[in-house]
Amino acid sequence: MAGERMYPILPCPDVDAAVAFYEALGFRPTYRQKRPNPHAVVQLEDMGVHLAGIDGFDPEGSYASVIVVVPDAEALYRQFADGLRAHLGRLPASGIPRLLRPRRKQGTTTGFTVVDVGGNWLRFFREADVAAEEPAATGLARAVEVAARQGDARGDDAQALVALDAGLTRHPDAPADERVRALAYRAELLVRLGRFEEAGAALAEAEALPLDAEQAGAVAPDLAHAREVLASAEAGG
Numbered sequence: 019m020a021g022e023r024m025y026p027i028l029p030c031p032d033v034d035a036a037v038a039f040y041e042a043l044g045f046r047p048t049y050r051q052k053r054p055n056p057h058a059v060v061q062l063e064d065m066g067v068h069l070a071g072i073d074g075f076d077p078e079g080s081y082a083s084v085i086v087v088v089p090d091a092e093a094l095y096r097q098f099a100d101g102l103r104a105h106l107g108r109l110p111a112s113g114i115p116r117l118l119r120p121r122r123k124q125g126t127t128t129g130f131t132v133v134d135v136g137g138n139w140l141r142f143f144r145e146a147d148v149a150a151e152e153p154a155a156t157g158l159a160r161a162v163e164v165a166a167r168q169g170d171a172r173g174d175d176a177q178a179l180v181a182l183d184a185g186l187t188r189h190p191d192a193p194a195d196e197r198v199r200a201l202a203y204r205a206e207l208l209v210r211l212g213r214f215e216e217a218g219a220a221l222a223e224a225e226a227l228p229l230d231a232e233q234a235g236a237v238a239p240d241l242a243h244a245r246e247v248l249a250s251a252e253a254g255g
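In short: position in the sequence shown from 1, add 18, done, that's this note's numbering.
Please note that the accuracy of each hint is not assured.
To be verified - Calculated lysine to aspartate or glutamate pairs in the EDC-like style (CA-CA distance at most 20 Å, straight line):
hint, residue 1, residue 2
1, 52, 32
2, 52, 73
3, 52, 34
4, 52, 41
Please keep in mind that the hints were generated in silico from the structure rather than gathered at the bench.
Let the hints inform the model, and build the full structure from the sequences given.
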């Protein structure tokens, strides 16, 4: 058979708030039910999400997780990020909801994650990468991947920071661009943990490392993201 479709039903405490969040990402509501149970459907291209309102539901306790395979994960991330900036006035990178930028994680392909207002994890991967064999990272780059698996895949930012700090200690002579990426991610993890002063110090250390022009261009997105995450947090986002 072919042409089958499967749609997740994701819990949330407030259907209207959930619909507004998905609209910010670019989804459009296609169905709304208030009785007997609050329910809505939102759609973006071929992606459909059903939202179920549950009284007293705690997003922090959600176990729901969805894998989404898309043609271009980077472009979709940019669309989502722009939409959330317009909707919230900031890029949410900690708490609920949040958007975690594309990053390779140990044992998986590169992808990004949306945690919606119901605490549900939507994990986006690029279709071409799902079956591809990526070369294994080594040294500090591998430590970043291990940390990202803890922080971005499992949601354990404290353990991610432990893994990343161990890698930075173990590889003091890593190339400067690898150290910049690691320190930028360290700043992001510290923001998620509410340790803003330490995050600023990690970012300053990353920005002070000497780089050639090629390295500086390669790590510019990492530094820009860390700056935005920290600025948003310090502004109360």
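Each hint tested on the structure:
A distance of roughly 11 Å separates the Cα atoms of residue 52 and residue 32; the hinted pair therefore holds under the 20 Å criterion. Straight-line distance between C-alpha atoms of residue 52 and residue 73 comes to about 13 Å, which keeps the hinted pair within the 20 Å bound. For the hint pairing residue 52 with residue 34, the CA-to-CA distance comes to about 10 Å; that is within 20 Å, so the pair holds. This hinted pair checks out: residue 52 and residue 41 have alpha carbons roughly 18 Å apart, not beyond 20 Å.
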